[in-house]
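Q: Here is what each chain is made of, one letter per residue.
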Amino acid sequence: MAKMPQLAALRRIAQEAFREAAHSISTFVGSDVKLKLISLEILPPLQYLEVIGGQDSIVAAAYSTSKGEWSGIMLIMMPLEYASKTVSSLVKSFLGQSEISEELAVETFKEFANIIFGSIATVLYNKAGIKIMFSPPEIAVDSAVAIMESIAVTYSTQFDELLLFRAEIEGEKIHDMTLLVIPGQGFVDMLHGAEP
Amino acid sequence: MRQNLKLRYLTSSEEIARVRSDSVVVGIGGYAIDKSPGKIATWALGSCIAIILYDPYTSTGTLAHCLLPSPFKGADLPTKYVSTAIPYLLRKLEELQIPSRRLQAALVGGANILNLNNGPNIGRSNVIKARFLLERLHIPIVATDVGGTSGRNVVLDLGTGTIYVWYTRRTFTAFFHEQS
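Protein chains in written order, with the working numbering: chain A, -7 to 188; chain B, 16 to 195.
Hints should not be assumed to be uniformly reliable.
[To be verified] Okay, the calculated bits of chain A under chain B, using three or more residues with CB under 8 Å as the criterion:
#, stretch
1, 71 to 77
2, 127 to 135
3, 141 to 148
4, 152 to 159
If you're looking for bench data, these hints aren't it; they were derived computationally from the structure. Glycine included, each C-beta is placed from N, C-alpha and C at the ideal position.
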């Protein structure tokens, strides 16, 4: 179980990674985007299912496994409305087209997810000296609860803890974003020496 | 009149709204028992599986939303796990004077939404476990909609034995189309 110094380090790293990601996303979409950490919870996988209830919604999710000094899973989820608008504006600004096939939309969302995962990897290296490499993200557009249930259940027998970061993306409107980290062995301990 | 279990797929939002109204909703790891004219529903089945047992003679049935094939750290809620849910549901039905020989079963869910190559396929394991236990108990599985990569919502209408299913997977292009 994570102790207070590691929790504080995790929060700092998440805040920094979100700032970094927001800066990159703003550049990509050509308008100001803010990403703000709202909360961090550390929960056993099956207990986590008890806190994700409430109104279900359709979300776009990207998930990636990491290799290197830390092996684990990272998943981000955002409302389909926000993900679609972002995909649409990225395609328009880079390709100058408004017709978007499903394949192009998925590939563009993968790039968008890469920006966020890349920012997290950069901050983890700069602040805690942890080198990680993410696999190319996989995408699912489905019920938020079904996606989160699937990931929690799948890893409940292998991992003791999930890290649940709730954030807000502020663009034209404010949208919820969820970042779920399934930390491999020793991840939280690695943060002990993280720079303030 | 005896009504057997059967599946029906929904796509229109009007039909879904009509079917889901007045349902008793079962949460993750939970269950419910009811009889005609009641309806039992569960939402957002990913790798989880809905186990439905139904007595067509009394139009009484039960639905459990199970997460895992078997408990790995001691069972808390019996209906969280397939291996403990089936005997538990049979006991609850026996208390209502419904013997297992009258029951029909249906399975819905067990998807592999995230296609996690390095993780276990819990959806498939849930389905295999449920099939194995029901076959051993000689309870016929008369309807199934399992596997695939989409989440599912389910409503069991006890009056007609109809299991309404609709998929939750979407595409970006469908969303663009809806907005235009």
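Q: For the stretch 152 to 159 of chain A, count the residues whose Cβ lies under 8 Å from any Cβ of chain B; is that count three or more?
A: violated (count 0)
Q: Confirm or reject the coverage of the stretch 141 to 148 of chain A by chain B under the rule of 3 or more residues with a beta carbon closer than 8 Å to the chain's beta carbons.
A: holds (count 7)
Q: Are at least 3 residues of the stretch 71 to 77 of chain A within less than 8 Å of chain B when you compare beta carbons?
A: Per the Cβ count (4), the hint holds.
Q: Within the assertion that chain B covers the stretch 127 to 135 of chain A, do at least three residues meet a Cβ-to-Cβ distance smaller than 8 Å?
A: Held - the stretch 127 to 135 of chain A has 5 residues with a Cβ nearer than 8 Å to chain B, which meets the minimum of three.
In terms of the numbered hints stated before, the structure departs from hint 4 and from no other.
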